[in-house]
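Letter by letter, the chains look like this.
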Amino acid sequence: MRLAESLEIALEAVARHRLRSFLTALGIIIGVFSVITIVAVGAGAQHMMQESFKSFGTNVLWLLPGSHVLGGARISITMSNSLTPEDAEAIAKECPDVIYVSPAAFTGSPVVHGNQNWSTVVNGVGQTFPVVRSWYPAQGAFFTEAEVTMAAKVCVLGRTVATKLFGRDDPVGRTVRLKKVPFRVIGVMAAKGQTGWGQDQDDIVLAPYTTVMKKLSGQTHLAAVSCTAVSASRMKQASEQITALLRRRHRIQPGAEQDFSILSAKDVLAMVDKIYDTLILFLGSVASIALLVGGIGIMNIMLVSVTERIREIGIRLAVGARGRDILLQFLLEALLLSVSGGLLGLLAGVGIAQAIASTLNWPILIDPGSSAIAVLFAAGVGLAFGFLPAWRASRLDPIQALRSE
Amino acid sequence: MSNDVVRVEELRKVYDLGEVQVEALCGVTLSIRRGEFVAVMGASGSGKSTFMNILGCLDRPTSGRYLLEAKDVSTMARDELASIRNTRIGFVFQGFNLLHRMSAVQNVELPMLYGDVPKTERRKRAVESLTAVGLGERQGHHPNQLSGGQQQRVAIARALVNRPAILLADEPTGNLDSRTSVEILELFQRLHRDGATIVMVTHEPDIAEYCSRQIHFRDGELVDDRLNPHVRDAAADLAAMPPAHRRA
Ligand SMILES: Nc1ncnc2c1ncn2[C@@H]1O[C@H](COP(=O)(O)OP(=O)(O)OP(=O)(O)O)[C@@H](O)[C@H]1O
Ligand SMILES: [Mg+2]
Chain A
12 MRLAESLEIA
22 LEAVARHRLR
32 SFLTALGIII
42 GVFSVITIVA
52 VGAGAQHMMQ
62 ESFKSFGTNV
72 LWLLPGSHVL
82 GGARISITMS
92 NSLTPEDAEA
102 IAKECPDVIY
112 VSPAAFTGSP
122 VVHGNQNWST
132 VVNGVGQTFP
142 VVRSWYPAQG
152 AFFTEAEVTM
162 AAKVCVLGRT
172 VATKLFGRDD
182 PVGRTVRLKK
192 VPFRVIGVMA
202 AKGQTGWGQD
212 QDDIVLAPYT
222 TVMKKLSGQT
232 HLAAVSCTAV
242 SASRMKQASE
252 QITALLRRRH
262 RIQPGAEQDF
272 SILSAKDVLA
282 MVDKIYDTLI
292 LFLGSVASIA
302 LLVGGIGIMN
312 IMLVSVTERI
322 REIGIRLAVG
332 ARGRDILLQF
342 LLEALLLSVS
352 GGLLGLLAGV
362 GIAQAIASTL
372 NWPILIDPGS
382 SAIAVLFAAG
392 VGLAFGFLPA
402 WRASRLDPIQ
412 ALRSE
Chain B
14 MSNDVVRVEE
24 LRKVYDLGEV
34 QVEALCGVTL
44 SIRRGEFVAV
54 MGASGSGKST
64 FMNILGCLDR
74 PTSGRYLLEA
84 KDVSTMARDE
94 LASIRNTRIG
104 FVFQGFNLLH
114 RMSAVQNVEL
124 PMLYGDVPKT
134 ERRKRAVESL
144 TAVGLGERQG
154 HHPNQLSGGQ
164 QQRVAIARAL
174 VNRPAILLAD
184 EPTGNLDSRT
194 SVEILELFQR
204 LHRDGATIVM
214 VTHEPDIAEY
224 CSRQIHFRDG
234 ELVDDRLNPH
244 VRDAAADLAA
254 MPPAHRRA
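So the sequences go chain by chain: A and B.
Its first residue numbered 12, the first sequence is counted upward by one per residue in the numbering used here.
Its first residue numbered 14, the second sequence is counted upward by one per residue in the numbering used here.
These aren't lab readings, by the way, just hints derived from the structure by calculation.
The model shown is predicted, which means the values in this text are computed figures rather than measured ones.
Just to be clear, a hint being listed does not mean it is correct.
Said to hold, decoys possible - To spell it out: a stretch of chain A is covered by chain B in this simulated footprint if at least three of its residues, at any positions, have a beta carbon under 8 Å from a beta carbon of chain B; those stretches are:
(1) 97-107
(2) 321-327
What the hints assert, rightly or not - So, partial list: chain B residues that the calculated Cβ filter (under 7 Å) puts toward chain A:
(3) Cys39
(4) Leu43
(5) Asn66
(6) Leu71
(7) Asp92
(8) Glu93
(9) Ala95
(10) Arg98
(11) Asn99
For glycine and all other residues, C-beta sits at the position ideal for the given N, C-alpha and C.
Start from the sequences, fold in the hints, and give me the full structure.
Following this line, the structure appears as structure tokens:
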């Protein structure tokens, strides 16, 4: 018998029991659906991370206190207070391959102007911040090296903060209070908009890190130092120079673990990729289990279907069907169940992923490759689990099949 | 030998039920020539169906030889037997054995589906076959929309559609009333006159009267085999019967 005719028979059998077919395929639907959604959401997140780190520049090194082990997908972070403003100054002076050094200290604080009040993060940064981040004030100016050195009480507002506190008025030259300390507004940063995460990048106050540490947080250590290498190709040398300098400054014995770590955007991206891969592997195995359970469901229903139709099989055998005709008929039926389950899962997955994208403002990447693999895998599951029932049907003895009721 | 459609020698069938062994056929030797219309008779349990199933290649003998059109069928593999059933044998059952999901014409097409006959040819031959059994107008009907006699005609059309060497019928009138039975016999006689070889099991001596040869089984043995000198004419009998309310 030809394939088209076997397919017709299988199609008729699946269509005959619509609800049963749907319930049978449900395991496959859910399996494929979860693969598609998870991969879409995960790939979207990965893409977003990549984009946001790319904007950090390819020649920026992040110096962080404590040790950050990026082994496999394992990140162990030990907090420490090891980075000081003096370290940052030393790097700027002594590392030939580092051109800009921008120390960072953070503190959360309400910004108050008159009766207006807005909670935001105060970023203490160096005067090189605009160059390092390629982000400049749209109004007024950024603070100078002198203002940083003397820990001047000046600040630059993000667009959102400026609007919240001053509306349409020009904030430059006005005074705001951070933790009751009056700061003079000297500039407003250009509007940057949201990150891929949906986070408002303009909801920020920038002040000299020296001022933040001395007047606001009372801390003596830095949260991070961003160091810009002279070029992307000198990253390795810059990193080595910083490491050597800090090991010396922190008096770390050769071979001992250091109390700081250096990350580049590339390192972070590699880490993100690793985390993503591990996540996919884990979720992939969960989805495989769902598909496996779906496969067992198909096998179960196919066994029922064969038992129900033993007499039909007997009639077909009596008029000349060969074992392989019967095998093909039931294999196609199982395949049809699993493939349509796979396609329904795909549709549902794409639909839900899009819904997540639009309601949660989360970027979604539907990966055609993994979608195809999920559907193919579903088909494989159908074939594998449909084989036993189909094989059983094909081995039936004509006369015994005809006698059964 | 050249004219023998069927030749069985020392045909034996033993059902092994574990503790007991039932000998359903104990050494049957017999030939059926082309163009014969044979009635197979005998008490219930005498082995008639067992014999027919082996002739129909639906079952295999425990021992003995079965030559169908001079080919030894007893040693054939499953797939070869399927092909024999498909092209050389037409089998008609007491219970019709139609597929209820399919229309009459689709049921008749079924053997050709497994014989790789192209679609248009399939339909054409199925309609011809249905017309030959007097159901040309009922091709689209499903079995549950047909009377018992009509269903059996569909089954006969299906059995004949691949032009088999032999038509085997196991109590084809067992589920039908007497008038419908004679109608089926009238059809068989017509097919017989056109050259068909038919073997039919029946309990009823009246029905066996329409056949040209009668064989008797008792306890798995062939005990009687004779030609019928006075074959009744089903068409004449039907004409003499009170006309039933018209069906087909
Ligand atoms: N599948 C089977 N397993 C065991 N014994 C069987 C089987 N089929 C038939 N028999 C036995 O073989 C013998 C012959 O049975 P068979 O069906 O050939 O009789 P029959 O002449 O067709 O009877 P009936 O007129 O009632 O249809 C009987 O004794 C029956 O019990
Ligand atoms: Mg019987």
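Now the hints, each set against the structure:
no. : hint    : verdict
1   : 97-107  : violated (count 0)
2   : 321-327 : holds (count 5)
3   : Cys39   : 19 Å, violated
4   : Leu43   : 20 Å, violated
5   : Asn66   : 5 Å, holds
6   : Leu71   : 5 Å, holds
7   : Asp92   : 5 Å, holds
8   : Glu93   : 9 Å, violated
9   : Ala95   : 4 Å, holds
10  : Arg98   : 5 Å, holds
11  : Asn99   : 2 Å, holds
In the structure shown, a violation is registered for the earlier hints numbered 1, 3, 4 and 8, in ascending order.
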